[in-house]
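Peer 1: Quick note on my numbering: the sequence shown kicks off at 1 and runs consecutively.
The set of hints was computed from the structure by calculation and includes no laboratory data.
No residue lacks a Cβ here, since even glycine has one placed at the ideal position from N, Cα and C.
Keep in mind that the hints are not guaranteed to be accurate.
[What the hints assert, rightly or not] Distance ranges between label pairs, derived from CB positions:
(1) G82 x L135: 44 to 54 Å
(2) N79 x S150: 51 to 61 Å
(3) L135 x R23: 56 to 66 Å
(4) Q25 x L155: 24 to 34 Å
(5) A80 x L160: 32 to 42 Å
(6) S150 x V103: 17 to 27 Å
(7) T157 x S85: 43 to 53 Å
(8) L189 x I159: 13 to 23 Å
(9) V123 x S85: 25 to 35 Å
(10) A80 x S2: 35 to 45 Å
(11) E41 x L135: 19 to 29 Å
(12) S95 x Q25: 49 to 59 Å
(13) R8 x C161: 42 to 52 Å
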Amino acid sequence: MSQFASSRDALQFLVGRIVSEARRQGVPLSEAERNMLYFSESGSATPGLVVADLDSERESGQAEYEEKIARLIRSARNNARGEASLWTDAIAILSKEDYYLLVMIGRAGGPDDRTRDLLLLWVTGLAVVLGLFALFHMADRAGLPVQTDSLRGILWTAILCVAGALALFGAFARRRAEALLRRLAKFLLGG
Numbered sequence: 001m002s003q004f005a006s007s008r009d010a011l012q013f014l015v016g017r018i019v020s021e022a023r024r025q026g027v028p029l030s031e032a033e034r035n036m037l038y039f040s041e042s043g044s045a046t047p048g049l050v051v052a053d054l055d056s057e058r059e060s061g062q063a064e065y066e067e068k069i070a071r072l073i074r075s076a077r078n079n080a081r082g083e084a085s086l087w088t089d090a091i092a093i094l095s096k097e098d099y100y101l102l103v104m105i106g107r108a109g110g111p112d113d114r115t116r117d118l119l120l121l122w123v124t125g126l127a128v129v130l131g132l133f134a135l136f137h138m139a140d141r142a143g144l145p146v147q148t149d150s151l152r153g154i155l156w157t158a159i160l161c162v163a164g165a166l167a168l169f170g171a172f173a174r175r176r177a178e179a180l181l182r183r184l185a186k187f188l189l190g191g
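Given the sequences, and given the hints that come with them, work out the whole structure.
Peer 2: The structure is reproduced here in structure tokens:
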């Protein structure tokens, strides 16, 4: 059962949290920027909205605006962990329609991104190590000479690579490290 009676209520909740966070941080939001939070391709959520103002505002700094709102969304979600289910419910309701706000919510990422990415890193590392074990096992069964010392060396190298990837994850900016690890996982998993 939804915690919001309509998509309009869900939108009001999200916009209210974003505007409150902007006030809390002292980040200025123009009237046009606030109105853009309500924008929908269907127009259902934009009563009285002056579309010409939105178009000129969007063309002049759309990427900067989206990043500004994404930062506010991340901060608002982090500061209101007790409202996680409300945020999730509101976003799910809005996802049934075409709201511009969903673009910025997507840029902000979810609270589970870091956990998911770390899990992806561990799974990738485990797959590499298991792949090496399987390779050496198949070589042994095929009667190919496998030296224990070289096996140990390769396994330690794989383990150190996984540890290095974890260090990269923590040392670099989170987004950059996640992008690097995603590319690595995609390469290793052939996706």
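Peer 1: Work down the list of hints and note, for each, if the structure agrees.
Peer 2: Here's how the hints hold up against the structure:
no.	hint	verdict
1	G82 x L135: 44 to 54 Å	49 Å, holds
2	N79 x S150: 51 to 61 Å	53 Å, holds
3	L135 x R23: 56 to 66 Å	58 Å, holds
4	Q25 x L155: 24 to 34 Å	49 Å, violated
5	A80 x L160: 32 to 42 Å	40 Å, holds
6	S150 x V103: 17 to 27 Å	51 Å, violated
7	T157 x S85: 43 to 53 Å	44 Å, holds
8	L189 x I159: 13 to 23 Å	19 Å, holds
9	V123 x S85: 25 to 35 Å	27 Å, holds
10	A80 x S2: 35 to 45 Å	19 Å, violated
11	E41 x L135: 19 to 29 Å	51 Å, violated
12	S95 x Q25: 49 to 59 Å	26 Å, violated
13	R8 x C161: 42 to 52 Å	51 Å, holds
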